[in-house]
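Fit chain B with the ligands to the known structure of chain A by using the hints.
Here's the letter readout for the chains.
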Amino acid sequence: MAGGVTATAALPRAAARRRARRGAATPWLLVAPSCLVLIVLFLTPIGYVLLLSVTDPNVSLGHYVRIVTVPLYSRVMVNTFLTSLIVTGLCLVLGFPVAYVMARRRGWITTLLVTIVAMSFWTGFLVRTYAWLVILGNKGPVAAAYAALGLGSPPRLLFTSFSSTLGMTHILLPYMILALYAVMKKIDPSYLKAAASLGARPGAAFRSVFLPLSLPGVVNGCLLVFVVCLGFFVTPVLLGTPRDMMISQLINQQIEELLAWGFASAVAVVLLAATGILLTIYNRFAGLDRLWG
Amino acid sequence: MGAAYLKLTGLVKSYDGRTNAVDGIDLDVARGEFVTLLGPSGSGKTTTLMMIAGFEEPTRGSIELDGEDLGRRKPYERNIGVVFQSYALFPHMTVAKNVAFPLRMRRFPAARQASRVREILDLVELGSFADKYPRELSGGQQQRVALARGLVFNPDVLLLDEPLGALDKSLREQMQVELKRIHREVGVTMLYVTHDQTEAMTMSDRIAVFNGGALEQVAPPLEVYHRPRTRFVGEFIGDSNFFSGRRDGERPGLVLLDGIGAHRVARAAWDEIAGSTVDVLIRPERIQLAGEGDEARLPNRVSMKVGVIVNYGDSVLVIGETDGHPLRMRIAGAQPDAIREGATVTVGWGPADAHLIRRD
Ligand SMILES: Nc1ncnc2c1ncn2[C@@H]1O[C@H](COP(=O)(O)OP(=O)(O)O)[C@@H](O)[C@H]1O
Ligand SMILES: [Mg+2]
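As given, the protein sequences belong to chains A and B, one line each in that order.
30 is the number that my numbering gives to position 30 of the first sequence; each next residue is one higher, with no gaps.
151 is the number that my numbering gives to position 151 of the second sequence; each next residue is one higher, with no gaps.
Hints are supplied without guarantee of correctness; some may be wrong.
Simulated pairs of lysine-lysine, DSBU-like, Cα-Cα distance not exceeding 35 Å [to be verified]:
id: 1; chain 1: A; residue 1: Lys185; chain 2: B; residue 2: Lys74
id: 2; chain 1: A; residue 1: Lys193; chain 2: B; residue 2: Lys169
id: 3; chain 1: B; residue 1: Lys97; chain 2: B; residue 2: Lys74
id: 4; chain 1: B; residue 1: Lys132; chain 2: A; residue 2: Lys193
id: 5; chain 1: B; residue 1: Lys74; chain 2: A; residue 2: Lys193
id: 6; chain 1: A; residue 1: Lys186; chain 2: B; residue 2: Lys74
id: 7; chain 1: B; residue 1: Lys132; chain 2: B; residue 2: Lys74
id: 8; chain 1: A; residue 1: Lys185; chain 2: B; residue 2: Lys132
id: 9; chain 1: A; residue 1: Lys193; chain 2: B; residue 2: Lys97
Calculated from the structure, these hints are not laboratory results.
Just chain A, with the same shape it has in the complex (with noise of 0.2 Å):
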């Protein structure tokens, strides 16, 4: 008997033996094809940028000294980085609530709201950026319902911070509701029940349970916002205003109208050690989701 479990015991371990030895080679083999993608079509134009930014026109740092003294530049920055914290935080405030009915409630409305969401998410964005040209222009319904209530004219809508917000927040909205459903959906609902028989009411219980377990669906949900917004470009362009003018446009305007690629590189490569900054803090906390899970 206990010569039988070593032996099959003793099998397995030989073959992970044997599979280690030849891994070394293959793992690489199979990685290759993207990392020279990778390579060619990523970190080399990102090199080229890193590098313009340093050299065009001249060898100097003075681009980057550009950004932080010159308030243009400075509050281009700011604004860029208010717009996305703001975004986010109408995404998690609207699709919070979303994505708790989703991932909690069965029936009719679920598949509704799915519906939805997954409609809005595979609807490309310049379609519904489009869309909200029309909902807020001149002749759309905004500006009816005005009118039919007798309230003249409405407020300039369009072509503001507030469309343009309103417009990333609508676009964005669907990747911070999947991003919580999908953590939220995991939670075991006897766990709540739990709760509850052991004397939560259910404000307590989402509060001291469901909350704190949905948290690593709303870091998630957060960061992706973010990044994307620190980026974006088409519906500022489109909805908002140049005198709020976000790091994208920065870049564009840099290039189209002044082909100064050195500056709008610098520009870039601040936008990217952004991003970098926030998913390297993000790492530091990825062990949340695998703490609880």
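Relative to the frame of chain A, chain B with the ligands by itself:
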């Protein structure tokens, strides 16, 4: 049986409006009693428990605790502890935080929370694990934390839904003893759900046997074993031989078993069964090898063709047949020489070894 503490009356639950998952249950549980709900999977045990805990609303019937109707009370207003099969320990809280949770919800002062948590963790012998997270514990330890959490607030009743189901056999037996000890020390009324008859036999004051949403019998373990009220109970609990037969109205004490013939049973049992068709239960350990000269002791005898022999060490289970009717015999001790596969032996049992169940 003292006055009913927990009283289920005509309890019915239908999820779909057509079939009843729980189909009219009456059950009285005394204060401090350990009652096991035993039955096959899908027989309505969990549903019954969930109605008592307040997670499912009864379609009909009432649940009273200490004379008070629980009907309109929410789960968090019931003071009933539940130990889930999955344990449902909060993964983001330490053992101590988990156990303190019900005290925190009841706004106990912090100092009393801490001392009570320590006390209850000592009871389940997990005192040194207070600062660990559930995922750092073994299944058996998690089980004990769940138990501690369900007990810490002195619930009126503790409900346990197959709490040992996920543990391996030796751990399960260890936890059975542990649970029994805790029940004795705490004295809380326990309702314990299982589909494992051994668990039910070893731990319960009484067993309530479920079948298809209804109760077949509620009685102490030995009574359920020796005097099952229905054939289902007799077959579900323990090993059994069942014969169907007719009571011979002319000859008191005799039952005509189908395919076997006249058999002598205890006169009192014969008198008690009023009907004419009966099921006769003979437990395998009541059947013995019969020899010359013990006709008086073993008046009922058949010749048994031995099929399979299962040796347990402390006993031998002999599986065979008599006249095409399956027969199981369990002999204590070592395997007798006469018992060999393929052999035919004479076996018998006494009048008191047969239990009669009326069949309608
Ligand atoms: N939430 C539910 N919805 C619908 N049917 C259910 C639900 N829970 C249990 N049932 C059904 O009720 C019956 C009894 O189930 P249950 O009480 O879980 O039995 P047990 O715990 O004895 O295995 C089963 O037929 C089961 O399919
Ligand atoms: Mg069950």
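Structure-based check of each hint:
no.	hint	result
1	A/Lys185 x B/Lys74	24 Å, holds
2	A/Lys193 x B/Lys169	28 Å, holds
3	B/Lys97 x B/Lys74	24 Å, holds
4	B/Lys132 x A/Lys193	23 Å, holds
5	B/Lys74 x A/Lys193	11 Å, holds
6	A/Lys186 x B/Lys74	25 Å, holds
7	B/Lys132 x B/Lys74	32 Å, holds
8	A/Lys185 x B/Lys132	26 Å, holds
9	A/Lys193 x B/Lys97	17 Å, holds
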